[in-house]
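Those sequence lines, one after another, are chains A and B. So the working numbering is basically just the index in the first sequence, starting at one, shifted up by 13. So the working numbering is basically just the index in the second sequence, starting at one, shifted up by 96.
No lab work stands behind these hints: they were computed from the structure. Some hints here could point you the wrong way.
Computed cross-link-like contacts, EDC-like style, restricted to lysine to aspartate or glutamate with a CA-CA straight-line distance of at most 16 Å [what the hints assert, rightly or not]:
hint	chain 1	residue 1	chain 2	residue 2
1	A	Lys-31	B	Asp-211
2	B	Lys-149	A	Glu-43
3	B	Lys-181	B	Asp-141
4	A	Lys-31	B	Asp-235
Only some residues are given here: those of chain B computed to face chain A with a beta carbon under 7 Å [unchecked claim]:
hint	residue
5	Arg-122
6	Asp-140
7	Gln-144
All residues carry an ideal CB built from backbone N, CA and C; glycine is no exception.
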Amino acid sequence: MNTEDIEAMQALDNRLRKMFAGLDAAPGFEERLRARIATLAAQPPAEIRDRLEREHDRARAAAARAARLDGLAVAIAGVGGLLAVWRFAPDLARFYEASVETAGPSVVAFGTLGVAAVALWAVLRRFDVDPRTLIGA
Amino acid sequence: MDESIIELMRAGRPDEALARLVPAYRRRVFGLAYGILRDRAAADDVAQEVFVKVWQAFDSYDGRARLSTWIYAITRNTAIGALRKRARLVSLSEPDVSAVVDAMESRDAPDDGGDPQLWRLVDALPEKQRQAVVLFYQDDRSIEDIADMLGMPVNTVKTHLHRARARLAGALDADRENAA
Numbered sequence: 014m015n016t017e018d019i020e021a022m023q024a025l026d027n028r029l030r031k032m033f034a035g036l037d038a039a040p041g042f043e044e045r046l047r048a049r050i051a052t053l054a055a056q057p058p059a060e061i062r063d064r065l066e067r068e069h070d071r072a073r074a075a076a077a078r079a080a081r082l083d084g085l086a087v088a089i090a091g092v093g094g095l096l097a098v099w100r101f102a103p104d105l106a107r108f109y110e111a112s113v114e115t116a117g118p119s120v121v122a123f124g125t126l127g128v129a130a131v132a133l134w135a136v137l138r139r140f141d142v143d144p145r146t147l148i149g150a
Numbered sequence: 097m098d099e100s101i102i103e104l105m106r107a108g109r110p111d112e113a114l115a116r117l118v119p120a121y122r123r124r125v126f127g128l129a130y131g132i133l134r135d136r137a138a139a140d141d142v143a144q145e146v147f148v149k150v151w152q153a154f155d156s157y158d159g160r161a162r163l164s165t166w167i168y169a170i171t172r173n174t175a176i177g178a179l180r181k182r183a184r185l186v187s188l189s190e191p192d193v194s195a196v197v198d199a200m201e202s203r204d205a206p207d208d209g210g211d212p213q214l215w216r217l218v219d220a221l222p223e224k225q226r227q228a229v230v231l232f233y234q235d236d237r238s239i240e241d242i243a244d245m246l247g248m249p250v251n252t253v254k255t256h257l258h259r260a261r262a263r264l265a266g267a268l269d270a271d272r273e274n275a276a
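Using the sequences and the accompanying hints, generate a full structural model.
Quick look at the structure:
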């Protein structure tokens, strides 16, 4: 490379430096960026939103599964209870008569109603039903 | 500088980290995006998007790569994505991207630095040569710095830069001879 070439290259370098010295983002870049980020920060990030949706879906599926199992358990208990009553009807009748003779009919009636009420309350609570709503309270 | 930014990121102070990061990297990110897109408005949009992505991804920065390398990779990917998106707008296939962008771009009217002749010649350079030239002359960066920005070996950058200068000098000579 001769002196003329070297000088031409230096001149080219200077022109390029001058040309690119002002190559920068438009004025107000940082203000615009801050405004954009403030908008984004005000809403939940997509990842958080997605995670919350996934958790919500999982919880909904688990609740549906639990409700199915509970329904099945209640049905089995109901059928079992009826079969037990049918199977042990004579024994129950004797037990009832003996209880009435011993404690009196009122106590047996209240005792039976009390047991039924406790069982109903337990079932309703299991299904997240507030018993007070059934009587309009 | 990078260490203090990383400390802020790890301390869960992304806004403060970004406030330090933007002035330090704005020109670099913009220059890198411009070298790929050859359009100031598009490069500005990409630079904004890059910093938003960086801000959103602070938690996922694991420190395995240098902070600068991580930011440059995001910049290159975002700029290339923008280039492809622009090409898709005219419904053309992948191999035609460069040709389409070349054809559809009306050149930036350089509003600073003047020298429309040289802008035209730089724009006509092959992609990698142009990127090397933009980054080298924008802030007199070192070859190592440019290699990091472009994600290529130092010697490759030297080659691109050498060929670009030779090509520009030759084109200027040709222009002079034609004018004479």
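Checked hints:
1. Lys-31(A) to Asp-211(B): Holds: Lys-31(A) and Asp-211(B) sit about 9 Å apart, inside 16 Å.
2. Lys-149(B) to Glu-43(A): Holds - the C-alpha atoms of Glu-43(A) and Lys-149(B) are around 15 Å apart, at most 16 Å.
3. Lys-181(B) to Asp-141(B): holds, 13 Å
4. Lys-31(A) to Asp-235(B): holds, 10 Å
5. Arg-122: This interface hint holds because 6 Å falls under the 7 Å limit.
6. Asp-140: holds, 5 Å
7. Gln-144: holds, 6 Å
Hint compliance for this structure: no hint is broken.
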